[in-house]
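Visitor: For reference, the chains in residue letters:
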Amino acid sequence: MAKRDRLSGNEAVAIALRQINPDVFPAFPITPSTEIPQYFASFVANGQVDTEFIPVESEHSSMSAAIGASAAGARSLTATSSCGLAYMWEELYIAASNRLPLALALVNRALSGPININCDHSDSMGARDSGWIQMYAENNQEAYDNMVQAYRISEHKDVRLPIMICQDGFITSHAVENIELLEDREVKKFVGEYCPENYLLNPECPMAVGPYSITDYYMEAKRNQAEGMKHVSQVVLDVAKEFSSISGRSYGLFEEYRMEDAERAVVMIGSAAGTTKDAIDRLREKGEKVGLIKIRLYRPFPASEIAEALRNVKAVAVMDRAEGYTNQGGPLGADVMSALYRARGNALAVNYIYGLGGRDVRVEDMEGVFEALKQIMEEGDAGETYRYLGLRE
Amino acid sequence: MAMDVTKLGVKAKWKELTEGMIIAGAGTSKAFNTGEWSTDKPEFIEDKCKQCLLCVPVCPDSCIPVIDMKRGAFDYDHCKGCGICVKACPFGAITMEGVR
Amino acid sequence: MSYNFKETMNKPERLAPGHRMCAGCGGTIAVRNVLRGLHEGDKAVIGNATGCLEVSTFTYPYTAWEDSYIHNAFENAGATLSGVEGAYKALKKKGKLDETYKFITFGGDGGTYDIGFQSLSGAMERNHDLVYVCYDNGAYMNTGIQRSSATPMYADTTTTPVGSESNGKPQNRKDLAAVIAAHDVPYVAQTTFVQNFKDLHIKSEKAIYTPGAAFLNIMAPCPRGWRYNTPDIMEICKLGVETCYWPLFEVVEGKWILNYEPKKKLPIEDFLRPQGRFKHLFKRGNESLLEAFQKEVDRRWEDLKFRCSR
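Residue numbers (my numbering), protein chains in the order written: chain A, 27 to 419; chain B, 217 to 316; chain C, 1412 to 1721.
Here chain A stands alone, though its shape is the one from the complex (with noise of 0.2 Å):
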């Protein structure tokens, strides 16, 4: 039986954690995820998880000790934020050349400099390519059910890739939400136990991890991990399945809100999806058609479910929380407008900065979205693609 609490998002990504009871997590604080690292710390002291507990030195060393660890054969993750995340960046790609399945729980923050502590998607946003399946959360609620369905994704036979549960940092990460927790016993069952085929500590034949690659094998070794890649988004979807008939909550690929007939749409990542929600409610209310697609996995990128679901809107707008510096806008924008060109799509789409640095989205701002959206399509014409959402000028 379900029951019902009241969490922050650390908190609840926590008792997954705890209910998951994994071997080995190496942790370095940062804010906003150190609370993680630290209600886990009293789940060892108080002897209700027996996971090695490693508090190392640094972010490159927590990452570092969660490969070792994975390699050797051993269930591992470890959480970070912000600057760490960019710290580890080197052991983002070993950890997912080597394929293996370790996770890391991601609380949003933005990168230096200027140091800020706030919530933006430039920290995982520098992490796209590096081979991670990426997974976002709205709410608390779906950063403990994503956490809890990370290792069946990651695990797969099929894909043996690290995962990446993101959450915005303190919007979610602090803020405190009702939240339905699944049994302990149930997200054990669920999650099963972890058997990998061949790691240093198997005593029936040892393994050499991390070799050197000349030019004959680097590009066969690039495209045989590609592969595990291209079977995320069936498994992701096999495992939500999964996951509903234990829990009641559905997920897919991504939330379609209000897209049955909508002509007008937003593309985003995260907690504001939530202030978009209320601001498509109220201009539903006055007979606009406007909708919503929230990404939940955004590696790899479902690019032509996306097109698909966009295919009769007519002007869209994505939604970055992350500059990219390619004066065209951030990466979420290029991935969508990418799918839709690929698509053959005919929407308009615009591309707009937001929410940098933990600077507030309010629903008045969506409204703003929706009405310049509503311009464009009037006009026919996007003008320019690359704005600024919430910028004093």
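Everything labelled a hint here was simulated from the structure, so no lab data went into it. It cannot be assumed that every hint is accurate.
Said to hold, decoys possible - Covered by chain C, according to a simulated footprint, are these stretches of chain A (three or more residues, beta-carbon under 8 Å):
hint, stretch
1, 84 to 93
2, 115 to 124
Claimed, not checked - Heads up, simulated DSS-like pairs for lysine-lysine below, C-alpha to C-alpha not over 27 Å straight-line:
hint, chain 1, residue 1, chain 2, residue 2
3, C, Lys-1454, B, Lys-246
4, C, Lys-1422, B, Lys-286
5, C, Lys-1674, C, Lys-1609
6, A, Lys-256, B, Lys-231
7, A, Lys-340, A, Lys-315
8, C, Lys-1675, C, Lys-1716
9, C, Lys-1507, A, Lys-215
10, C, Lys-1422, B, Lys-264
11, A, Lys-256, B, Lys-223
12, C, Lys-1504, A, Lys-214
13, B, Lys-266, C, Lys-1609
14, B, Lys-264, C, Lys-1609
15, C, Lys-1500, A, Lys-214
16, B, Lys-303, C, Lys-1649
17, B, Lys-227, A, Lys-183
Claimed, not checked - For each label pair, taking beta carbons as the anchor points, the in silico distance ranges come out as:
hint, chain 1, residue 1, chain 2, residue 2, range
18, A, Pro-229, B, Glu-259, 36 to 46 Å
19, C, Glu-1646, B, Glu-259, 19 to 29 Å
20, B, Gly-314, C, Phe-1717, 44 to 54 Å
21, A, Asn-353, C, Asn-1538, 44 to 54 Å
22, B, Lys-257, C, Ser-1577, 35 to 45 Å
Please read these numbers as outputs of a predicted model, since none were measured by experiment. We treat Cβ as the ideally placed atom computed from N, Cα and C, and that holds for glycine.
Chain A is already provided as a structure; the job is to place chains B and C on it using the hints.
Guide: Only chains B and C this time, still in chain A's reference frame:
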């Protein structure tokens, strides 16, 4: 299960490579011949050998096998001819051109 | 622990031939002999920082290691093996593993003294049950002989080249064994290829079987970087010890122990002369450099003797 590295030569197609480029197994480098690197090789004069084994630890290439406390013949498939063993032998039981 | 050289040599080889280290490499001599500290029947996971040893001993698909092996990156051998050791503890605790494993990681001086220093320090401070072995050849040899903080003063390297305004590396080398000893780990030792490897074999076994973190610093000459006659490696090591440039000592539970004191300490020139990287020190007019080098060796030697006398 140990893998067969002979199937992982430089002509292997991407699907044939091992997942994560791991190698299950050990000591697969024995299949790689480094003996070709040099034509100068140490010569073992068994008659002079007192089986002190002092030549064994100095070899950077593990080319002096020991079985039942006795050293055997040089592994010329892998010996790179560095000459260190020549100098390590107190009995002149190893010789090599240019090394004394 | 009783020591028998022939029995140590009779153990199965744990570093297979076919690796691609240079002819006469001191690094693999260090590795082979450290691994002989393992008891037969015990399994091991070997870690390795990026460097000559890594690119040459696990060139896909050829691993020279007879045990499980992990290379992660240049600066994180300490942290990587911390994670492996953590996994061992976790799997043991959960009853998923019966066998005994030991954990040994190798790094060159670049990966140990410099870029991997933080990761090493963390692993030592947390007292993981592992051994970190530095094969110290005193420069970044894999990238082509660049200076590291282990490079001795006045050495001619590609980033401290000797020139009209330069006498080679201007600074002294870092005393890493002392720095690690200051972490108060159970076992620290410095050794090289002398006494028919008895010192190295005994220290390796102690390091591997002492519970908690252990650090071994092994002088492992590089014929390319040091520019000596390749077959002379054992003589070079002996001179390192007899001149007191590379003293043999241990720090056991905080107690400093001098393992060898030469009957007659040789002048530092004897160690420097056979090495091309110090050739400029023997030019007329550079006598003061040799004097300065000798003075530093003497100062460190006296300091070590003082520590060991307490």
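Visitor: If a hint holds in the structure, say so; if it doesn't, say that too.
Guide: Evaluated hints:
Interface restraint, the stretch 84 to 93 of chain A with chain C: holds (8 residues with C-beta to C-beta distance below 8 Å; minimum three). A count of 3 residues in the stretch 115 to 124 of chain A with a Cβ less than 8 Å from any Cβ of chain C is obtained; the coverage claim is therefore met, three being the minimum. Straight-line distance between C-alpha atoms of Lys-1454(C) and Lys-246(B) comes to about 20 Å, which keeps the hinted pair within the 27 Å bound. A C-alpha spacing of about 12 Å is found between Lys-1422(C) and Lys-286(B), which places the hinted pair at or below 27 Å, so the restraint holds.
About 19 Å separates the Cα atoms of Lys-1674(C) and Lys-1609(C), which keeps this hinted pair within 27 Å; it holds. The suggested pairing of Lys-256(A) with Lys-231(B) holds, with an alpha-carbon distance near 14 Å, which does not exceed 27 Å. Pair hint Lys-340(A) plus Lys-315(A) holds up; C-alpha atoms about 11 Å apart against a cutoff of 27 Å. For the proposed pair Lys-1675(C) and Lys-1716(C), the alpha carbon gap of about 15 Å is at most 27 Å, so the pair holds.
The hinted pair formed by Lys-1507(C) and Lys-215(A) meets the criterion: a straight-line CA distance of about 18 Å does not exceed 27 Å. The straight-line distance between the Cα atoms of Lys-1422(C) and Lys-264(B) is roughly 24 Å, inside the 27 Å bound, and the hint therefore holds. A C-alpha spacing of about 25 Å is found between Lys-256(A) and Lys-223(B), which places the hinted pair at or below 27 Å, so the restraint holds. Among the hinted pairs, Lys-1504(C) with Lys-214(A) is consistent with the structure: their alpha-carbon atoms are about 18 Å apart, no more than 27 Å.
Between Lys-266(B) and Lys-1609(C), the direct Cα distance comes to roughly 19 Å. Compliance with the 27 Å bound is thereby established for this hinted pair. Restraint check for Lys-264(B) and Lys-1609(C): satisfied, since their Cα atoms lie roughly 24 Å apart, inside the 27 Å limit. Between Lys-1500(C) and Lys-214(A), the direct Cα distance comes to roughly 21 Å. Compliance with the 27 Å bound is thereby established for this hinted pair. Among the hinted pairs, Lys-303(B) with Lys-1649(C) is consistent with the structure: their alpha-carbon atoms are about 13 Å apart, no more than 27 Å.
As the CA atoms of Lys-227(B) and Lys-183(A) are separated by approximately 26 Å, the hinted pair is consistent with the 27 Å bound. Between Pro-229(A) and Glu-259(B) the CB atoms are about 42 Å apart, so this pair conforms to the stated range of 36 to 46 Å. A beta carbon spacing of about 22 Å between Glu-1646(C) and Glu-259(B) agrees with the range 19 to 29 Å that was offered as a hint. About 46 Å separates the C-beta atoms of Gly-314(B) and Phe-1717(C), a value consistent with the hinted range of 44 to 54 Å.
About 52 Å separates the C-beta atoms of Asn-353(A) and Asn-1538(C), a value consistent with the hinted range of 44 to 54 Å. At roughly 41 Å, the beta carbons of Lys-257(B) and Ser-1577(C) sit within the given window of 35 to 45 Å.
Consistency note: the structure conflicts with none of the earlier hints.
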